[in-house]
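Visitor: Could you slot chain B onto chain A? The hints should help.
2 protein chains.
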Amino acid sequence: MAVQVTENTPTVALGPAAALSCRECGQRFALGPIFACQECFGPLEVAYDLPSGDPEGLRKQIEAGPDNIWRYAPLLPVPTDVADKPNLNPGFTKLVKADNLARELGVTGGLYVKDDSGNPTHSFKDRVVAIAVEAARAFGFTTLSCSSTGNLAGAVGAAARRAGFESCVFIPHDLEAGKVVMAAVYGGDLVGIEGNYDDVNRFCSELIGDPLGEGWGFVNVNLRPYYGEGSKTLAYEICEQLGWQLPDQIVIPIASGSQLTKIDKGLKELIALGLVEDKPYKIFGAQAEGCSPVSTAFKAGHDVVRPQKPDTIAKSLAIGNPADGPYVLDIARRTGGAVEDVNDEQVVDAIKLLARTEGIFAETAGGVTVGVTKKLIEDGVLDPSLTTVVLNTGDGLKTLDAVAPTSGPTATIRPNLDAFRAAGLAR
Amino acid sequence: MAVQVTENTPTVALGPAAALSCRECGQRFALGPIFACQECFGPLEVAYDLPSGDPEGLRKQIEAGPDNIWRYAPLLPVPTDVADKPNLNPGFTKLVKADNLARELGVTGGLYVKDDSGNPTHSFKDRVVAIAVEAARAFGFTTLSCSSTGNLAGAVGAAARRAGFESCVFIPHDLEAGKVVMAAVYGGDLVGIEGNYDDVNRFCSELIGDPLGEGWGFVNVNLRPYYGEGSKTLAYEICEQLGWQLPDQIVIPIASGSQLTKIDKGLKELIALGLVEDKPYKIFGAQAEGCSPVSTAFKAGHDVVRPQKPDTIAKSLAIGNPADGPYVLDIARRTGGAVEDVNDEQVVDAIKLLARTEGIFAETAGGVTVGVTKKLIEDGVLDPSLTTVVLNTGDGLKTLDAVAPTSGPTATIRPNLDAFRAAGLAR
Numbered sequence: 450m451a452v453q454v455t456e457n458t459p460t461v462a463l464g465p466a467a468a469l470s471c472r473e474c475g476q477r478f479a480l481g482p483i484f485a486c487q488e489c490f491g492p493l494e495v496a497y498d499l500p501s502g503d504p505e506g507l508r509k510q511i512e513a514g515p516d517n518i519w520r521y522a523p524l525l526p527v528p529t530d531v532a533d534k535p536n537l538n539p540g541f542t543k544l545v546k547a548d549n550l551a552r553e554l555g556v557t558g559g560l561y562v563k564d565d566s567g568n569p570t571h572s573f574k575d576r577v578v579a580i581a582v583e584a585a586r587a588f589g590f591t592t593l594s595c596s597s598t599g600n601l602a603g604a605v606g607a608a609a610r611r612a613g614f615e616s617c618v619f620i621p622h623d624l625e626a627g628k629v630v631m632a633a634v635y636g637g638d639l640v641g642i643e644g645n646y647d648d649v650n651r652f653c654s655e656l657i658g659d660p661l662g663e664g665w666g667f668v669n670v671n672l673r674p675y676y677g678e679g680s681k682t683l684a685y686e687i688c689e690q691l692g693w694q695l696p697d698q699i700v701i702p703i704a705s706g707s708q709l710t711k712i713d714k715g716l717k718e719l720i721a722l723g724l725v726e727d728k729p730y731k732i733f734g735a736q737a738e739g740c741s742p743v744s745t746a747f748k749a750g751h752d753v754v755r756p757q758k759p760d761t762i763a764k765s766l767a768i769g770n771p772a773d774g775p776y777v778l779d780i781a782r783r784t785g786g787a788v789e790d791v792n793d794e795q796v797v798d799a800i801k802l803l804a805r806t807e808g809i810f811a812e813t814a815g816g817v818t819v820g821v822t823k824k825l826i827e828d829g830v831l832d833p834s835l836t837t838v839v840l841n842t843g844d845g846l847k848t849l850d851a852v853a854p855t856s857g858p859t860a861t862i863r864p865n866l867d868a869f870r871a872a873g874l875a876r
Numbered sequence: 450m451a452v453q454v455t456e457n458t459p460t461v462a463l464g465p466a467a468a469l470s471c472r473e474c475g476q477r478f479a480l481g482p483i484f485a486c487q488e489c490f491g492p493l494e495v496a497y498d499l500p501s502g503d504p505e506g507l508r509k510q511i512e513a514g515p516d517n518i519w520r521y522a523p524l525l526p527v528p529t530d531v532a533d534k535p536n537l538n539p540g541f542t543k544l545v546k547a548d549n550l551a552r553e554l555g556v557t558g559g560l561y562v563k564d565d566s567g568n569p570t571h572s573f574k575d576r577v578v579a580i581a582v583e584a585a586r587a588f589g590f591t592t593l594s595c596s597s598t599g600n601l602a603g604a605v606g607a608a609a610r611r612a613g614f615e616s617c618v619f620i621p622h623d624l625e626a627g628k629v630v631m632a633a634v635y636g637g638d639l640v641g642i643e644g645n646y647d648d649v650n651r652f653c654s655e656l657i658g659d660p661l662g663e664g665w666g667f668v669n670v671n672l673r674p675y676y677g678e679g680s681k682t683l684a685y686e687i688c689e690q691l692g693w694q695l696p697d698q699i700v701i702p703i704a705s706g707s708q709l710t711k712i713d714k715g716l717k718e719l720i721a722l723g724l725v726e727d728k729p730y731k732i733f734g735a736q737a738e739g740c741s742p743v744s745t746a747f748k749a750g751h752d753v754v755r756p757q758k759p760d761t762i763a764k765s766l767a768i769g770n771p772a773d774g775p776y777v778l779d780i781a782r783r784t785g786g787a788v789e790d791v792n793d794e795q796v797v798d799a800i801k802l803l804a805r806t807e808g809i810f811a812e813t814a815g816g817v818t819v820g821v822t823k824k825l826i827e828d829g830v831l832d833p834s835l836t837t838v839v840l841n842t843g844d845g846l847k848t849l850d851a852v853a854p855t856s857g858p859t860a861t862i863r864p865n866l867d868a869f870r871a872a873g874l875a876r
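These protein sequences, in sequence, are chains A and B.
Just so you know, this note's numbering puts 832 at position 383 of the first sequence, and the rest follows in order with no gaps.
Just so you know, this note's numbering puts 657 at position 208 of the second sequence, and the rest follows in order with no gaps.
Bound conformation, chain A alone (with noise of 0.2 Å):
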């Protein structure tokens, strides 16, 4: 099915996409719905003709951009007309100054939180399905599709309808009620398997190779390469949001590893385009105890990453064999950063540290980051005299359960004045 790169090769319009290449093998082959490399098995990405020489020129287009992830069109996988296109049109979230944080950590060079729950489904992903939308487009699907733990579902359930797409998505069948309704809600095909997380990705690639998924565009299989994409935004924001600079730390959430691959892809993009100045940047990868292959691996040295049996309630990173393993060990130990990993409870806390200072409620995956940040400090591994970048990539609202124990009333009380002096809550 896949062509190999020639000088008449017909190919579809997506904006500076030039071809798919191997990141193994470097073979090419013209944009489709391919993602591995026929020669050697290789993950396949996206391989652009970037805009060059005018880097003033780029960045007021830019500027003058909407206010999502469109504004980088110019970057992207995704035709020049993509902001006319009906999408839920993510990104461009807010980096918060957190100043209190900042406080309590000891950071003084600067701490910002890039608050990814203001997304439209309040999770990263928008921004990843964004873009895999727009591939399924030019390829002519007509059904977008993904395995799903939850989240990616209903990600890809609003961005179907809204774009005009039918919809099927498939999830193991005993996910909480709460993610079940919705990844329903927006009344596309849901499909329960009987199984867990792997069996359902086993079934969607048997599908993707038979006739009855003809059509079916599969956001993280068949789409992989463009959708992995959309996490180059993160990087591009952070950089235009802090003045067009690069920060010197940045702390990512690991699952497969892609997002954080991607956030170092789009930073070197913005250095060799003369976005930013180049200077040294430090990537540190965070993991939650209980599915830590790859900061096991980076801390015993290895270049490999040996597969976990995940057992965390950081759900959304709960990915034992995480694809992108060994680029992250490579990314990290190239900048100088690190991979560390945090427990449960210390997850648990850092959720609540992140709400009682900046006031953000953030998804397990945000609490796994500031916690790794803050050991990380503690342990004379993070610079707190560096401008330093936090990830919260999902919201507080789809895993209450993780604080719903220690978040309670401070008392309850008949409604009358001594009543309330009797708690003890006067100031």
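Quick caveat, the hints were computed from the structure, so don't treat them as lab data.
A quick note: this is a predicted structure, and the numbers were derived from the prediction, not measured.
Take these hints with a grain of salt, some might be off.
Calculated lysine to aspartate or glutamate pairs in the EDC-like style (CA-CA distance at most 16 Å, straight line) [what the hints assert, rightly or not]:
#1 LYS546(B) x ASP533(A)
#2 LYS546(A) x ASP516(B)
#3 LYS534(A) x ASP548(B)
#4 LYS534(B) x ASP548(A)
#5 LYS824(A) x GLU553(A)
#6 LYS758(B) x ASP648(B)
#7 LYS546(A) x ASP533(B)
#8 LYS546(B) x ASP516(A)
Partner residues are not named here, just some residues of chain A that face chain B (Cβ under 7 Å, in silico) [stated by the list, open to error]:
#9 GLY627
#10 TYR635
#11 VAL852
#12 GLY857
Covered stretches of chain B (in silico footprint by chain A; criterion: 3 or more residues with CB under 8 Å from a CB of chain A, positions within the stretch not fixed) [to be verified]:
#13 838-847
#14 850-864
All residues carry an ideal CB built from backbone N, CA and C; glycine is no exception.
Guide: Chain B only, in chain A's frame:
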């Protein structure tokens, strides 16, 4: 405690806010933490010295401002340097062109959803609380408080911590667990009151009058005149996002009615300032049938609103004795609008309609406005050939229970293609 305004009255610096004035008798008072007229007990609202004479300059100033409500600081009761203070910085949420929904409803003149679920704690309450925070700062309060049925408690808790206040908020003791978590997670004091929302309100009024309440700013009681002004920003944003034009029709939910009256106030200010061209607009109020005192009065042709005992799933609108009811009736009649209500089943249907057309998962209040819009079109009251804006003021994640019984998997299957085929889900 209240000071009538004289030439020598010292005043706090809240930008263009000049005084508080009584909506009934017009008597003016110095800016302070008061909410009722000392002459006639009418509600107080903020009176302004608004900038005038250079609409083009003001429009440019606004457009160059931050991507949040502080771009409208010249029109709000906040210090001129408000954007530099720690605050959750809500607003400038998406105005979504809802072409899919328009097709379903037969709207040809342009249909838009103002989606306030994009605010920091995912409801429009962040707007009103943000203004109250700045008033509390100006008046030297150290503790922020409110009576709440859940959403406001979370908004106040979050904003207080970010802005550097203590907080102590009051809720009925028997709220749903999820709402308690959201209100507690920010770490301020949360007090359950043994009683219903009316009991909570009465207790708060008692506390304000007691020395125990000294230094306390209750956002929806003694800071209410400032708090309410936050809703004007919805009017400003809608018009700016329409290219500095008034919409022809706006559908607004009614709880206390304050939001609707302030949006009308905001539109009138934009006209007076020359920021938009003067033309007629119609304002429609939306209630749930189970709590429809204003809609009942409107249909009966009454000027007064008879209280009701609320019984609806739209709990964030369940105020049986809406303080601003008579003002709402005035505005709906003056502008040629209407007040209508829908039953709980219609609310659920409308939540799902919005989700499956635009990928927006609304709170029950959003189901009320979308449902009422549909009904008003069917009844020939709302003109589908005119530009129409519908407000979604909250997030579906906060009212999952409303749609849970009817939102589940299409099918549950074994992980193989035969099972998938048998389920009839192939395209």
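Visitor: Next step is simple, just say for each hint if it's right about the structure.
Guide: Checked hints:
no., hint, verdict
1, LYS546(B) x ASP533(A), "holds (11 Å)"
2, LYS546(A) x ASP516(B), "holds (15 Å)"
3, LYS534(A) x ASP548(B), "holds (11 Å)"
4, LYS534(B) x ASP548(A), "holds (11 Å)"
5, LYS824(A) x GLU553(A), "holds (13 Å)"
6, LYS758(B) x ASP648(B), "holds (14 Å)"
7, LYS546(A) x ASP533(B), "holds (11 Å)"
8, LYS546(B) x ASP516(A), "holds (15 Å)"
9, GLY627, "holds (6 Å)"
10, TYR635, "holds (5 Å)"
11, VAL852, "holds (5 Å)"
12, GLY857, "holds (6 Å)"
13, 838-847, "holds (count 4)"
14, 850-864, "holds (count 11)"
Checked against the numbered hints above, the structure breaks none of them.
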